[in-house]
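Given chain G, put chain C in place with the hints provided.
Protein chains: 2
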Amino acid sequence: MSKSYRVAIVGASGAVGVEMLRVMERRNFPVSSLRLLASPRSAGNSLDFRGEGHTIEPLSLDSFQEIDIALFSAGGGISRDYAQAAVACGAVVVDNSSAFRMVPDVPLVVPEINPEDIKSHRGIIANPNCTTAISLMALNPLHRRFGLKRIFASTYQAVSGAGARAIHELRSQTEALAAGKPIEKEVFPHQIAFNVIPQVDAFLDTGYTREEMKLENEGRKILHLPTFRASVTCVRVPVYRAHSVAVSAEFEKPVDLAEAKAVLKAAPGLQYLDDGYPMPLDAAGKDDCLAGRLRLDCGMDNGLALWICGDQLLKGAALNAIQIAELL
Amino acid sequence: MSKSYRVAIVGASGAVGVEMLRVMERRNFPVSSLRLLASPRSAGNSLDFRGEGHTIEPLSLDSFQEIDIALFSAGGGISRDYAQAAVACGAVVVDNSSAFRMVPDVPLVVPEINPEDIKSHRGIIANPNCTTAISLMALNPLHRRFGLKRIFASTYQAVSGAGARAIHELRSQTEALAAGKPIEKEVFPHQIAFNVIPQVDAFLDTGYTREEMKLENEGRKILHLPTFRASVTCVRVPVYRAHSVAVSAEFEKPVDLAEAKAVLKAAPGLQYLDDGYPMPLDAAGKDDCLAGRLRLDCGMDNGLALWICGDQLLKGAALNAIQIAELL
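Keeping their order, the protein sequence lines are chains G and C.
Counting from 1, position 246 in the first sequence corresponds to residue 246 in our numbering; the numbering is continuous, with no gaps.
Basically our numbering = 1-based index in the second sequence + 1000.
Careful: at least some of the hints might be erroneous.
What the hints assert, rightly or not - Reference listing, derived: stretches of chain C covered by chain G, where coverage requires no fewer than 3 residues with Cβ under 8 angstroms from a Cβ of chain G:
id: 1; segment: 1172 to 1183
id: 2; segment: 1187 to 1196
id: 3; segment: 1290 to 1298
What the hints assert, rightly or not - Here are the simulated PhoX-like cross-link-like pairs (lysine-lysine), alpha carbons at most 25 angstroms apart as the crow flies:
id: 4; chain 1: C; residue 1: Lys1181; chain 2: G; residue 2: Lys181
id: 5; chain 1: G; residue 1: Lys181; chain 2: C; residue 2: Lys1003
id: 6; chain 1: G; residue 1: Lys261; chain 2: G; residue 2: Lys286
id: 7; chain 1: C; residue 1: Lys1261; chain 2: C; residue 2: Lys1286
id: 8; chain 1: C; residue 1: Lys1181; chain 2: G; residue 2: Lys149
id: 9; chain 1: C; residue 1: Lys1265; chain 2: C; residue 2: Lys1286
id: 10; chain 1: C; residue 1: Lys1149; chain 2: C; residue 2: Lys1261
id: 11; chain 1: C; residue 1: Lys1253; chain 2: C; residue 2: Lys1265
id: 12; chain 1: G; residue 1: Lys149; chain 2: G; residue 2: Lys286
id: 13; chain 1: G; residue 1: Lys286; chain 2: C; residue 2: Lys1185
id: 14; chain 1: G; residue 1: Lys265; chain 2: G; residue 2: Lys253
id: 15; chain 1: C; residue 1: Lys1253; chain 2: C; residue 2: Lys1149
id: 16; chain 1: C; residue 1: Lys1149; chain 2: G; residue 2: Lys149
id: 17; chain 1: G; residue 1: Lys253; chain 2: C; residue 2: Lys1149
id: 18; chain 1: G; residue 1: Lys3; chain 2: G; residue 2: Lys149
id: 19; chain 1: C; residue 1: Lys1119; chain 2: C; residue 2: Lys1003
id: 20; chain 1: G; residue 1: Lys185; chain 2: C; residue 2: Lys1286
id: 21; chain 1: G; residue 1: Lys286; chain 2: G; residue 2: Lys265
id: 22; chain 1: G; residue 1: Lys149; chain 2: G; residue 2: Lys265
id: 23; chain 1: C; residue 1: Lys1265; chain 2: C; residue 2: Lys1149
id: 24; chain 1: G; residue 1: Lys286; chain 2: C; residue 2: Lys1181
id: 25; chain 1: G; residue 1: Lys119; chain 2: G; residue 2: Lys3
To be verified - Here are some chain C residues the structure puts well away from chain G; computed CB gaps all over 12 angstroms:
id: 26; residue: Val1018
id: 27; residue: Glu1025
id: 28; residue: Pro1058
id: 29; residue: Leu1061
id: 30; residue: Met1102
id: 31; residue: Arg1229
id: 32; residue: Ser1248
id: 33; residue: Asp1287
Worth flagging that the hints you see were computed from the coordinates, not collected in a lab.
Just so you know, these numbers come straight off a predicted model, no measurement behind them.
Glycine included, C-beta positions come from ideal geometry on N, C-alpha and C.
Bound-form chain G, shown alone (with noise of 0.2 angstroms):
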C-alpha cells in the first residue's frame, strides 16, 4: 500500500455508508481513490466526496480490482457473498456487519480498546456491534481499573440503527398521527412514534434478541475477558440519532467514585459530564461518547451505575470503521 489509499465503499448509499464519506472528510483520511459500491436500485445516483460527485456503481465480484481498503457496511449477506472476494483482490476489509465478528481468526477492533488485535488479520477486520462500541467506551477504562465481571444493561435505541428508511419511518408516523392518519409500518413490526419496542433483531430459543447477546459475545472478545456476563435488553424507541444505555456493572476490586470519574474523564474518545447527564440529543453528530450519572451502585457492593450515549451512525459504525482504517 501506499501512503494513500484506494478505497471502496460497499453499501455507500445507506446511512453508515454516507457517514463513512462524511468522518473521512473530517478525519482528512488519506484517499487516492474512492468506488461507491451498492446494490443496482442505488447504482447510477451521485455522492459528494470532498466536493467532487462520485458515482454509485452495482457491486459485483469483480468491484474490487486495485482498492486497498474496502469498507463493509451492507448488511451480513452481502458482507459473506463480497468479503473473500475484496480479500483475494489484495483488499483489507473493514466490516461493519456481524458476519465476522465472532470468527476466530478475524479481529474485532475499537482502536481506543485493542488496538494489537488488529496485527492478527487475514484481511477481514471486524467492527463491532454498535451497542457494543458505545457501552464498552466507558465499560473497558473501569474494566482497566477494577476489572470488570458483569453487567446487566438496557438500551434506548434510535431507528437510525435500523437505517435510513427507519429515519423515515419514525417522521411519517408521527406526522401521521399528527393529522389523525392512519399509520404505515414497513421497518419495524409495531407502531414507533410514541411508543417504545423491546425487540431490536431476533429472538433466540433463550428469549433473549440476537442484539441482547452481542454486548456479551462481543464484549468477551473485545476485552479479551471470556468470563464477562451481561444481562441485556434492548429496547428502540422513538429517537432519530444517537443510542443510551443504562448500565449496572460489578467489578473484581471495591470500586471507588472519584477514582472513577477520575477514569472515565481521562478516557480517550468519551467525555464525562459531572453537571447534568448526557442524552440522545447531545450525543448525536458527535464522535466522542458521552457518559454521566456515575454513582455507587445500591444493587451491589463492587458496583457503579452509569448511563452512557453515543451516536450510533459514528462511534457505533462510521467512525470506529474508518478509525481502524487509520489504524492500518
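The following block gives chain C in isolation, referenced to the frame of chain G:
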C-alpha cells in the same frame, strides 16, 4: 359509614383526578355524593361524573365536612397541608402523593399484594409510586414463589406521569419540530420530543434520583422485605401514556422458567404475554399490567429478566387508589 360513600377528590382537575372519576364510573364505586376540589385556578370548572356535571370547588381546610373518603392527588405539599384536616373531619384519606408513603404507621398498599396492611390505618392510606406499583405487580408473585433478593431495573416512563401539562408539552414540541419552529420547555428540563431524559424527580447526594429509590424503599414496605435491594435508572421517554420497566431480578431459590411463567399467568391484575411482548401503546387505558419477555437471566444464576408495562395513571395511580377505597 353507610354502604354508599361521600367522596371528595383533591386535585380533581389533574391527570390522575380525572382518571379517578372514570375508574369509579367503570367499577360502579358506590358514591352517594361527590365533591371535586382543586386549586382556585381550576375552581368553577365542571367535570362530568355519571352523566352529571360537578363544579370544582376551591380546596380549603373546611372542604372535608361530611366526607367519608378523600382521594388526594395534588402533590405532596397539598397532602401534607390538608390530609390531617380531612382525617380530623372523620374522612379516610387515600393519598396518591409521596408525602406519607414512608411514614411507619401509614399503610402503603397495593391491593393485590398487601391488602391486610390496610387494617392498621389511622386515617391515611398511601398509594405507591407508579413505577413501584407496576413493577411489583409482576415481581410480587415471583417473590412469593422464589424469594426476591434484588433487582436491576431501567424505566421507560411516559410523559403523563408528569401530569396533563407534560402531555401538552410533548405534543407541542413535536408539532414545533415538524414546523421547523423553536420548541418550548416548561415541564421538562430538556426537549422530550425525539429524545430521552435520564432524570425523573430530583437528585439525591448518592447520584440516584428520588424516583429511582422509591422502588427499593416502597418495595421493602409493600413486600414486607427489608433486605430487598433495587438499583434503578428512571428515564423519561417520548410516550404519552403507560410506563415500561426492564428488570433483572435475583431470587433466593433456584428459578424454573416454566414455573415462573405459570406464576405470572395466574397473578391477579396481570396479563402475561407468551406471544410477542407488551408495549406502552398496549398498556395505555388498561387496568391490568402487562408482562412479557420472561427469560432466565444470563447475568446471574437464580435470575429472571422480564419486561413490564402498565398505565401509570391507572394501576400506577387512580385505579390503585380506588381499589384501596374498595377495600375499606
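Results for each hint:
1. 1172 to 1183: With 3 residues closer than 8 angstroms to chain G, the segment 1172 to 1183 of chain C meets the three-residue bar; holds.
2. 1187 to 1196: The restraint on the segment 1187 to 1196 of chain C holds, since 5 of its residues have a Cβ under 8 angstroms from chain G and three suffice.
3. 1290 to 1298: holds (count 7)
4. Lys1181/C to Lys181/G: Satisfied, since the Cα-Cα distance of roughly 23 angstroms is no more than 25 angstroms.
5. Lys181/G to Lys1003/C: violated (47 angstroms)
6. Lys261/G to Lys286/G: Distance ~21 angstroms between Lys261/G and Lys286/G Cα, so the pair holds.
7. Lys1261/C to Lys1286/C: holds (21 angstroms)
8. Lys1181/C to Lys149/G: violated (47 angstroms)
9. Lys1265/C to Lys1286/C: holds (17 angstroms)
10. Lys1149/C to Lys1261/C: holds (19 angstroms)
11. Lys1253/C to Lys1265/C: holds (20 angstroms)
12. Lys149/G to Lys286/G: violated (29 angstroms)
13. Lys286/G to Lys1185/C: holds (24 angstroms)
14. Lys265/G to Lys253/G: Since the Cα atoms of Lys265/G and Lys253/G sit roughly 20 angstroms apart, the hinted pair holds (cutoff 25 angstroms).
15. Lys1253/C to Lys1149/C: It holds: about 10 angstroms lies between the C-alpha atoms, which stays within 25 angstroms.
16. Lys1149/C to Lys149/G: holds (19 angstroms)
17. Lys253/G to Lys1149/C: holds (22 angstroms)
18. Lys3/G to Lys149/G: Between Lys3/G and Lys149/G the Cα gap is close to 42 angstroms, so the pair fails against 25 angstroms, i.e. violated.
19. Lys1119/C to Lys1003/C: holds (18 angstroms)
20. Lys185/G to Lys1286/C: holds (24 angstroms)
21. Lys286/G to Lys265/G: It holds: about 17 angstroms lies between the C-alpha atoms, which stays within 25 angstroms.
22. Lys149/G to Lys265/G: With a Cα-Cα distance of about 22 angstroms, the restraint between Lys149/G and Lys265/G holds, given a limit of 25 angstroms.
23. Lys1265/C to Lys1149/C: Answer holds: Lys1265/C to Lys1149/C is near 22 angstroms, not above 25 angstroms.
24. Lys286/G to Lys1181/C: holds (23 angstroms)
25. Lys119/G to Lys3/G: holds (18 angstroms)
26. Val1018: holds (20 angstroms)
27. Glu1025: Its Cβ never comes within 12 angstroms of chain G, the nearest being 26 angstroms, so this holds.
28. Pro1058: holds (35 angstroms)
29. Leu1061: Answer for Leu1061/C: holds, closest chain G Cβ roughly 40 angstroms.
30. Met1102: holds (16 angstroms)
31. Arg1229: Per Cβ check, Arg1229/C is inside 12 angstroms of chain G; nearest 5 angstroms; violated.
32. Ser1248: With a cut-off of 12 angstroms, Ser1248/C comes too close to chain G, as the shortest Cβ separation is near 5 angstroms.
33. Asp1287: Given that every Cβ of chain G is farther than 12 angstroms from that of Asp1287/C, nearest at about 20 angstroms, it holds.
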